[in-house]
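One line per chain: the protein sequences are A and B, in this order.
Every letter in the first sequence is one number past the one before it in our numbering, and letter 213, counting from 1, is 213.
Every letter in the second sequence is one number past the one before it in our numbering, and letter 227, counting from 1, is 227.
Each hint should be verified, as a subset may be incorrect.
[What the hints assert, rightly or not] Restraint ranges, calculated between C-beta atoms of paired labels, are given here:
1) S162/A - V557/B: 23 to 33 Å
2) V557/B - A86/A: 43 to 53 Å
3) V22/A - E121/B: 51 to 61 Å
4) D115/A - G420/B: 43 to 53 Å
5) G108/A - V557/B: 21 to 31 Å
6) S162/A - H259/B: 37 to 47 Å
[As the list claims (entries may be wrong)] For the chain B half of the interface with chain A, some residues (derived, Cβ under 7 Å), not all of them:
7) L348
8) M374
9) F376
10) N378
11) A381
12) S382
13) L383
14) N384
15) R386
16) P396
17) A399
18) N400
[Said to hold, decoys possible] Chain B side only, calculated, beta carbon under 8 Å to chain A, not exhaustive:
19) M70
20) L346
21) K370
22) Q373
23) L387
24) E395
By construction, these hints were calculated from the structure, which means they are not laboratory data.
Since this is a predicted model, take the numbers as computed values, not measurements.
Yeah, the Cβ is synthetic: ideal placement off N, Cα and C, and Gly gets one too.
Listed here are the chains, written in short residue letters.
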Amino acid sequence: MRILRAIFGHGSGRIGGVIVGVYLLIAILGLVGLTPHNPITQFRVDRLHAPNGAYWMGTDLFGRDVASRLMAGIGQSFTVAFFSVAFATLAGTVLGLAAAWLGRRWDGVVMRIMDVLLAFPAILLALLIVTVAGPGTWTSVVAIGIVYTPIFTRVVRGPALSLKAREFVDAARTFGSSSSYIVTRHLLLNLVAPLTVQVTLALAWALLTEAGLSFLGLGTQPPAASLGLMLSDSRNLMETAPWLMIFPGLTIMISILGFNLLGDALRDILDPRMRRVPA
Amino acid sequence: MTPLLSVRDLRVGFGRDPQANEVVRGVSFDIADGETLAIVGESGSGKSVTALSINRLIDFGGGRITGGAMTLKRADGSLFDLTTAAEPQLRAIRGAEIGMIFQEPMTSLNPVLTIGTQIEESFRLHRGLTGRQATAAAKEALDRVRIPDAARRLKYTPNQLSGGMLQRVMIAIALACNPRLLIADEPTTALDVTVQAQIMALLAELKRETGMSVILITHDIGLVAGIADKVMVMQNGQAAEQGELSQILDRPRHPYTQHLLHAVPHFANGSATRVDGQRDRGESTEPALKVDGLVVRFPLKSNFFSRATGAVHAVDGVDFDLMPGETLAIVGESGSGKSTTAKAVLGLVRSTRGSFSVGSRKASAERSAKPVQMVFQNPYASLNPRLAIESILAEPVIANGGRMDSETRAKMASLLERVGLPVNSLQRYPHEFSGGQRQRLCIARALMLNPSVVVLDEAVSALDVSVQAKVLELLVELQREFGLAYLFISHDMAVVERIAHRIAVIYAGQIVEIGDAASVLSKPQHSYTKKLIAAVPTIDRRREHFEIDTRQVPSLVRPQGFEPAPARWERFGPDHRARVEA
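Isolated chain A (complex conformation) (with noise of 0.2 Å):
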């Protein structure tokens, strides 16, 4: 509660606030059915109408309502977007920690591995996952996961290490304290405000992702709704039907625009130095 107070009091949190409120709203709608028209209907005497009374942002070359695949597809997106970020955070944190706490040898060969996966660009690490093990909407999560555990791992590791050589881990030890409650009350608890801030940058990223591999026919598989789906069929009627392509675009830039302003009031936020009261 404090906390959306919080993000309410700031210039920009509250922008980017309403708008991921609004889409998450727009998200369930779309995913429980609650859509203007069935999202896979073809009216087939209604092919690409433009936007009107009926359908508010127009038909497809099938006749499909776009208003109606536009809120199917944002829950598509942010469902993958949701369980890989979960996916990705989990086991950075998890590994992160590991690397942190082991040292040694733990930390040279979990970083490296991190190391390697951060050298491809997310995109192109994504296809090559979903290519191997074939597309579909499961598939997509796990690689958009794979894809930014690193981040996790790296955004973890770096606080972890230094805690770790704080006294207080340090009066830990001359207790006796076990390692779980070491790492889980005095590491894992002071990374919570580092890891709400990058949980909600990498879900823009993760969304723009998904549009990526949907886009490329590697994400969502037809007749499904999803963004990128929708840019990709948009293409070859940019100039008859442009509304095919304005609204899927706007949709993802406004998404993406909103989580950054949340990302980056969070940080203000949750930053110790900006603090008053305990969290």
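Dock chain B against the given chain A, drawing on the hints supplied.
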């Protein structure tokens, strides 16, 4: 005659409403040419803000001068109003007329540039010297601050020089343009006491040579005796007392000044040392902690694959014993191995050799038993900021198989009360407490497991003098009440004098002198102990001529397999012995 600098009713505030958030509230003083003013006070007293206001560096920290006047007499005799001057004019004043040195020499210099470049910059900016001329001037500047082998040192980067050397470089830069006023803001606080003595001696000598005026800001009233002409004691943004040096030191009128003077050590007679619980020479009592031949070495490897080529001998054959209810102070300068000794006793650092016995039980060198607990130096880093006090105090109990029951809660409440904190502290978080209160929390946490030995690693060094006194009092009370044995690690002789029964002086990883506090402090035998004690500023030694000693601490890096020669000891009293010097 007009004074060099005249400050009248200076008021400085911070934030959006500087009038409401005043940190300096009406301070006035004059400094004549060649005079030294010492501003003494604790953190938050406004002493640094006052000094930073003089060259208006305060503007960069978000401060505003809300009232008063500051007038500087410039070199040509004209008067310059510092309160209203615009930034470009001030830039001409800073460095050229008013030089400044800061507390931390390690962070005041740019680590990627050679010190030569950094000194030359000052000459380039203010005197327009370039190329060879600037280099020559820089070398001269280093010579002036008594840095041996100056020409070669110009090519060094800051990491290649010790803290004392770096502070000399900072002084060289500050003096590059012959300023007529030098502001020294805690110039020796980050340095060891013997290095501090050298820097103070250097400042005094340079002052004589150049005839400049100095404003010395310090928290240590003992330091002012050697150099100041006038003293101003500050408290809560106001001058508690100001006047001539001898008047302040000999006839202090304000209770706060008297309190500060009380904390300054008087070694000569050994009268201030503790007299309770002197060591009973009877053989019946079992030591609470006995350390035998402790050795800690860190192997040196040139790279990951090669074998160790040598080792850092951090602790080299230390042995002592500690009786219940006794305080053994381990004193030494940074890098002497005193903290490593403490950490090895607690098992935080793996000891290479040696054995500990705690009470009657024999503990292995790897893992010390729980009867030994520790209080750390930095009260801000030793409590997890994300945990409530309740969880922090419960941790030692939970770590040892206990649980959060009514018994644990009762113990927490009683210990909190015992260390002088309100019981409602349990639900609060560390950042809601001041440094002194946090250190009390750390003490309470250390006592949760009923230890017999408490290791206090610089436990009061981060605290202000008045807070320090109260925490020391608490420690002494707790010692009597619970029969605790303290291993008190410190670099501060004034503190050691007040709490120690016995003192062990450690130098380069070895104990060079050990004995009862009174005789070690009043009749030091080893040359290092003598040097250490002589370097401690006291108010008894006024305007004394310190000798400048440029000897460096010997390197602790030894080739692989090196073993030091066995120590030979000479006795000087029933409980006082010193290592025979080679």
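Hint check results:
| no. | hint | in the structure |
| --- | --- | --- |
| 1 | S162/A - V557/B: 23 to 33 Å | 27 Å, holds |
| 2 | V557/B - A86/A: 43 to 53 Å | 50 Å, holds |
| 3 | V22/A - E121/B: 51 to 61 Å | 55 Å, holds |
| 4 | D115/A - G420/B: 43 to 53 Å | 52 Å, holds |
| 5 | G108/A - V557/B: 21 to 31 Å | 26 Å, holds |
| 6 | S162/A - H259/B: 37 to 47 Å | 38 Å, holds |
| 7 | L348 | 6 Å, holds |
| 8 | M374 | 5 Å, holds |
| 9 | F376 | 4 Å, holds |
| 10 | N378 | 6 Å, holds |
| 11 | A381 | 4 Å, holds |
| 12 | S382 | 4 Å, holds |
| 13 | L383 | 6 Å, holds |
| 14 | N384 | 5 Å, holds |
| 15 | R386 | 4 Å, holds |
| 16 | P396 | 4 Å, holds |
| 17 | A399 | 4 Å, holds |
| 18 | N400 | 6 Å, holds |
| 19 | M70 | 32 Å, violated |
| 20 | L346 | 5 Å, holds |
| 21 | K370 | 6 Å, holds |
| 22 | Q373 | 6 Å, holds |
| 23 | L387 | 7 Å, holds |
| 24 | E395 | 6 Å, holds |
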